[in-house]
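**Q** Listed below are the residues making up each chain.
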Amino acid sequence: MSETRITCEVNGRKVARTVATHKRLLDLLRDDLNLTGTKEGCGAGECGTCSVFVDGKLVKSCLVPAARAEGARIETIEGLAGMGPLTPVQKAFHKTGASQCGYCIPGMVMAATNCLRLNPEADIDEIKERMGGNICRCTGYTKILEAVEIARDVIAGRRPEGDLDTDEPLGDSFIGHNVRRIDAPAKVTGRLRYAADMKLVDMLQMQVLRSPHPHARIVSIDTSVAEAMEGVECVITAADVPGKDGFGVFVHDQPIMARGKVRHVGEAVAAVAAEDLLTARRAVAAIKVEYEPLPVIGTPEDAIAPGAPVIHDYAPDNVVKHIPLRKGNPEAGFAEADLIIEDSFSTQSVEHAYLEPEAGVAFVDHDDVVTVHSPSQNITHHRHMLADILGLPINKVRMVMSAVGGGFGGKEDMIYQGMLALAAIRTRRPVQLNFTREESLIASAKRHPSKVSYKMGLKRTGKITAITFDMLSDGGAYGMSSEGVMRKAAILSCGPYEVHNLQVDTRAVYTNNTPSGAFRTFGGMQAQFATESMMDIAAEALGMDPFELRRINMYRKGSITHTQHRLDRASLDMVLDAAETASRWESGAPNVRGAARSDMGGPDTRQPCTLGARIVAEAADLSQGDHPTKASTEAAE
Amino acid sequence: MLTYDAYHRPTSLPEALRLWRDAPEGSRLVSGATDLLPAARDGRLGDVHLPALIDLTGVTELRGYDFANGHVALGAGTVYQDFLTDPVLRRALPCMPYVSIWFADDQIRETATLAGNLVNASPVADGTPPVVALNGLVELSKLDGDAITSRRVPVRDFITGPGRTVIAPGEIMTRVFLDTCYGYGGAFQKVGQRRSLVISVACCAALVKLDESGRVFEDVRLALGGVGPGPIRLDDSERMLRGEPLSEELMQAAAGLAAEKVASRSRRDYRRDVVVSFVRAALSEALSNAGAKAPLQTMEDMANV
Ligand SMILES: Cc1cc2nc3c(=O)[nH]c(=O)nc-3n(C[C@H](O)[C@H](O)[C@H](O)COP(=O)(O)OP(=O)(O)OC[C@H]3O[C@@H](n4cnc5c(N)ncnc54)[C@H](O)[C@@H]3O)c2cc1C
Ligand code: FES
Ligand code: FES
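Sequences listed follow chains X and H, in order.
Under our numbering, the first residue of the first sequence is numbered -13, with each subsequent residue one higher.
Under our numbering, the first residue of the second sequence is numbered -6, with each subsequent residue one higher.
Just chain H, with the same shape it has in the complex (with noise of 0.2 Å):
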């Protein structure tokens, strides 16, 4: 059971700063409270007792997005289910539906923020590897006196190990930055046990933009996730794509590389086998999506062999 002796509702950025940089030891902010809610419960870490949450549901600043030089600027409190709603950031960030739809379910995804994601930085989390994937970069505020100053750190850098990340006292998440990806193929692959409401064993984002000829990988960007401590970039393997026509050859060369990154000590075999196929399903899924003329293998495919 969650309990806490205040909770504040700051409308502005300014406001919530200094309630912040102000709060007792052990406050907490709270955005869509899905992870913070479930986690004061019996088997986890029972009945926790806070000063204050304050509550950045409200302030104005942290909504809506911005677009500058090939980014789109989130405003922390994105939500996951705007990323199917909002046509606009369909376009921009073709992989994030996918991300989404298997995420928790429609309920939690109104109110779960990317943000909230990120900054619990569990190593399962559904949101890091796109992220990474988008060549993530968080933006970190606090008052600095009066002033607002803002730092931004890349999603790689930013999570440092499970539930860790590199946020100071008095920071609150007020903007992710990602790479827009117009025309590009997006996908996401996730084993859990069942369809809705199941946290990954193992995830992978992929990202494939085909030159004009619709036969070459103009870009492939690929992350997976629970798999090690953090989200993994699998930069081997884009390379081994980049520039090169499609064949399935090629593809199923760069999936094997993935095994190698392979780092969670539970179930590792297991988990290795499974990146292998997920990554070659992932990369026919995005491809599809890209609009890939040639007749591409799907995991159902794989299945029936």
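For reference, chain X alone in the conformation it holds in the complex (with noise of 0.2 Å):
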């Protein structure tokens, strides 16, 4: 590997640093100079958070060979404040609240700062049009935009820059109130340390080897190539795991690297841990792994098609939960309807993509405790199944919560936490595995899709007689959350509304496909999606305003649940009530098209993308032949 020496200054410092000669800056600022506050949250130019200032120009260090930094003036998240105190920008991302697990946040303060610099005048569509190369997957972007609206006006002097301290009196609701967060300076300032922000002496890199198959038998795996490679500190596969081996949030399933067989593409198959990345992936390259490819279920109709092939052996109808509700009598309450609707409705699998993808660092400390740091949203759950995984006795495990750069659902699954730890046992030295995006993409938790068929019989005058819903559940390769999922969306099926007669089936099946897992709703979005569009359905066929249909037919004080369970207190003809204000409901059936009802556009709707904030003006002045400034034009207004 060659080298090259880059000198360079930082945040004010002049640096001086021998690194390998195919580094990124990104890897320069995080890996050698340990400036962690910008972030690798995609490493292909599409997210923003590694965003730093190059000779005053913001850009994409993940974009920007190392090499290039030589002689250039480098400005990143840290060298902001520096010694001082926080910014405008950062000190009302603090005030509003704009910052929630923080992954964006050292991205957006520079975006923010760039776009301030550039034009101290901005006007909110030009903040957004500079900010576009921003993601953020948790506060939202209206905190954000505030924030930036707010730091504009203490800059241009036009609000006073106590405002930045200062927080507005709580009305009488926190719903739409902006609240501190305590550890947002450590955010704003990009102090805070994520797993892959950790560095322990002597740690190790880990890689890890996946499946391309969606379903094959492991005929061999040779890792001497690998092993014998320099810098290669140990290759595991499932054949190292001393315990108990499988994970699961319900049922444990999955080996911590496939065993015997691979069930879906993207699955571990071996890890290595090396004394850098580099190594590590070319060991994982070296690794031979002959496969035996097996008939692939594709969809959850295949795999309870009969004679179907058998993912799990303990499983052999391939079903991972089947939850029922059955309530009344649904076949006299159809027989008592006026109206009865079918129809199906499907959704597709949906990755959380939080902006941090998954990474964690093991080791062995002094006492024999192997520990494990990660954005685990489960870490009570993962100690006890890594301590049946290892053989060890709990006390012997430790597992640490590091800050966790948004979860949403996804980061339930043990799905690498095992790996670490078998190589920081292996090795007895700290251990970290960092994904790259597509890694996370191809092997975490995703969405179930669904399928939900469903029947409601109805009288003339809008009340539910009867239903009929069956789900339908792609559960992907393991089990992870798919049974709390199903339980969930069989409790949440019929919607808010009191029927007397019900049959509910929920059903998540084995395929070849990603593992389905936890992701926010937990089964009620695919579920609600389905029950409210056969409201709006059944509204629109009884000619009836849609909120009087739900009024008709929703949860009250007393009402009994699919699931039995008497009500106590209810809220929906409120949420109902509150919605029909808020959206200025024009009553009808949701079909007729009143005064005030139009299909796009109106108060309050969000108006279309706009582009070249910038350059709009300038091409209006260009049309008027004169060259008034935007900001003048308006003034005349």
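Calculated from the structure, these hints are not laboratory results.
Built from N, CA and C at the ideal position, the CB exists for glycine as well.
Among the clues, some could well be false.
Here are a few chain X residues that face chain H, going by a calculated C-beta distance under 8 Å [stated by the list, open to error]: (1) R3; (2) T4; (3) H8; (4) R54; (5) R116; (6) G246; (7) G314; (8) N315; (9) L553.
Both chains are sitting in their own frames, so use the hints and assemble them into the complex.
**A** Quick look at the structure:
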């Protein structure tokens, strides 16, 4: 590996380092200068977590060869405030609560700073445009944009500086109120360290060999070449697991690395811990695996077809979980109906796309305690499972939850902590694994794609008489949270409506797709999409106002839920009233068009994206033949 | 992951050409690196090892631009952000600011070059349609012994297919010649999945010049991207409009001709539908940027019909 000497100025200080020639500026900053406020969310220019100034221009450091930093002046998030007080932009982010997981925030602060440096009078359209290269997955953009506008006004002297340190008085609700987060200063300065930002003395880097096949028997794994490579400290496979292998939120059906066969593309097959990332990647490429492809189940329908291949021996019918709910007598309910509607609703797989890719560090401490730091959303359960997998007593396993750069359910599964722990035990050295974005996409759980077959019976009055609800979900290759998701989908199935006669079945089945797991709403979204669509279809068929139809059927105090629970209070009436008022709903069936209804535009609807806030004004000038500035044109109006 | 053994940063063209001529087989030139680096990732090319990279960003001769004979000769180092921030270029190339604003984001545009975009020759590149509309020629230079020799190739002939160009070993793209279009109204329309950071599904560049009366098309330039292996100049549509008085019907008819040009196999019907309203919208936008007096239909008006 060739090396290059790089001398540059970083945050006002001269630095010189000898680094591998192929490094990116991002690597130079993070690995060699320990400036980990600059993050790697994608490594491909798409997310903006790596934004830094190079000679005064904001660029994405994942796309800058480090050698180009020679002689350059670089400014990172750490340099904005330096040793001094937070900048107005940073303070404004703190004030508005514009940081949730915080992973995007250093990049956001850099982009906001750049915007206001280039145009201190940027209006909201221009701010949005100039920050378009930075993605946030959890704060949402409202608070971030609000912060930039506040900072702009403070910098311009239109707003007192003291505003940044004071909070707006709390009205009668926290809803819509900006709350300072106590960890915001750590996030807006880039000081908060996530798992990928941790560095321990003597730490090794892990890389994982993943399956190219959706379903295949592993005939053999030859790790000898990889093991013999200089700098490789260990290569592990399922054969190295000392205890009882298997993890999962409900059923422990997933080995920490494929055992005997692979069940989805991207499943871990072997892992390498080496002195550096490149050696680990080269060693992974040198592992030879012989596969014998097996018949593949691509859809949940195929999984339950007679004679379907079996994915897990313990589940010969390929069913992860079936939740049946029964209440009343649906047959009698449908017999009594004036109108019966049938339809089906499909949803697709969805990736969480938290900005922090999975990352972790494991080591064995002085008391032989295997310690794993990772952004796990379920450390206690992980600890118990890991103890079994490693064959260790529980007091010899420690799980530490590092700062989570977004999870949304996707970090509940212990998909890599086992490999890290095992490699730390094997090498007696700290081991780190940072997923690439692509790896995160291919190996982590997704939202269940599901198909709901729906039948609803109603009286002409709008009263629902019966429902059958049959959901078939693609659980993917492993169980993960499928059981809980199916339970929740069943509980919420027919919505917040009292239905005396219902038959609900939710099923998740094994396929050779990427495993499905926990994801915000935990099955609720798929069920509600079906139920609420049915309500609108029914309202249209009955010529009834959709709010009205919902009021007729809604849960009230004393209602019996789908799962036979008697409610001692219910608030749907208030929710419907509030929604009706806020949306300025014009009463009538969904398909009528009244005086105020239209399909696009209207008050409070979001305007279509505009582009070119910076050039629109100029084009207008050109066409008018004179050249007033945008600001003066506005002032004249 | 992209790895390489050597990284060269020549500062002059002769030095760059020498390094490039003598570079070991498999070496690459690099400008903004915004195509080169992301390509070496899992799911695309995977890990790639190159003997050497020759970085052109420090080469003085590739910076800046000159004007001559109705052309602007852009140095190969010209980045997309220049088309937005440089008032001289904005006036000379009125469609380019609109292309740029749709291109990636402010940060990528600081380093992404027009030259890199052309050499990369992606069928969905945003830079190729406007360059074709501006009768672009590329200058390719190489060493002949110690002397620098150059040839000029029209961009229409330079790109021969997806990712394929006529660039020869040892050649570096040194300049891009474009027609200057003072007094034209420019426009760019792009369909993608979001506003920033999105590769086009299809795109259209338009330039319109009106005669003195402001009611007759003196010149019209239209080109499409994303609908075939390379950029497509809409010569028929241009001919239909040139010299004619502005009219809704005529513009609609000219836009309609674009559907015939869609050659992409994927999502063909969608692309055919899209390009017609697209070309129509690009014409409207260009007209209004050219200072047309008549009220013209906009994309939003059309969506609300
Ligand atoms: C997040 C993101 C968003 C993007 N969005 C868009 C978009 O909206 N529209 C779009 O069209 N593209 C987009 N791209 C692609 C890319 O940015 C452009 O193609 C860009 O113009 C490439 O220029 P570059 O200078 O970065 O090229 P490089 O990556 O440096 O080089 C590209 C190719 O050209 C060669 N090359 C470079 N300079 C020369 C030269 N002077 N002579 C000969 N060969 C040369 C290189 O060897 C390489 O083969 C995007 C890329 C990213 C990462
Ligand atoms: S843009 Fe650089 S890491 Fe995502
Ligand atoms: S706060 Fe923006 S990604 Fe989490």
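**Q** Work down the list of hints and note, for each, if the structure agrees.
**A** Each hint tested on the structure:
1. R3: Check failed: Cβ of R3(X) comes no nearer than 15 Å to chain H, outside 8 Å.
2. T4: Nearest chain H Cβ about 14 Å off; hint violated.
3. H8: Hint holds; H8(X) Cβ to chain H Cβ min 4 Å, cut 8 Å.
4. R54: holds (7 Å)
5. R116: holds (5 Å)
6. G246: Violated, about 25 Å.
7. G314: violated (45 Å)
8. N315: This hint is violated: N315(X) lies away from chain H, its Cβ roughly 48 Å from the closest one there, beyond 8 Å.
9. L553: violated (42 Å)
In summary, the structure is inconsistent with hints 1, 2, 6, 7, 8, 9 from the numbered list given earlier, while agreeing with the others.
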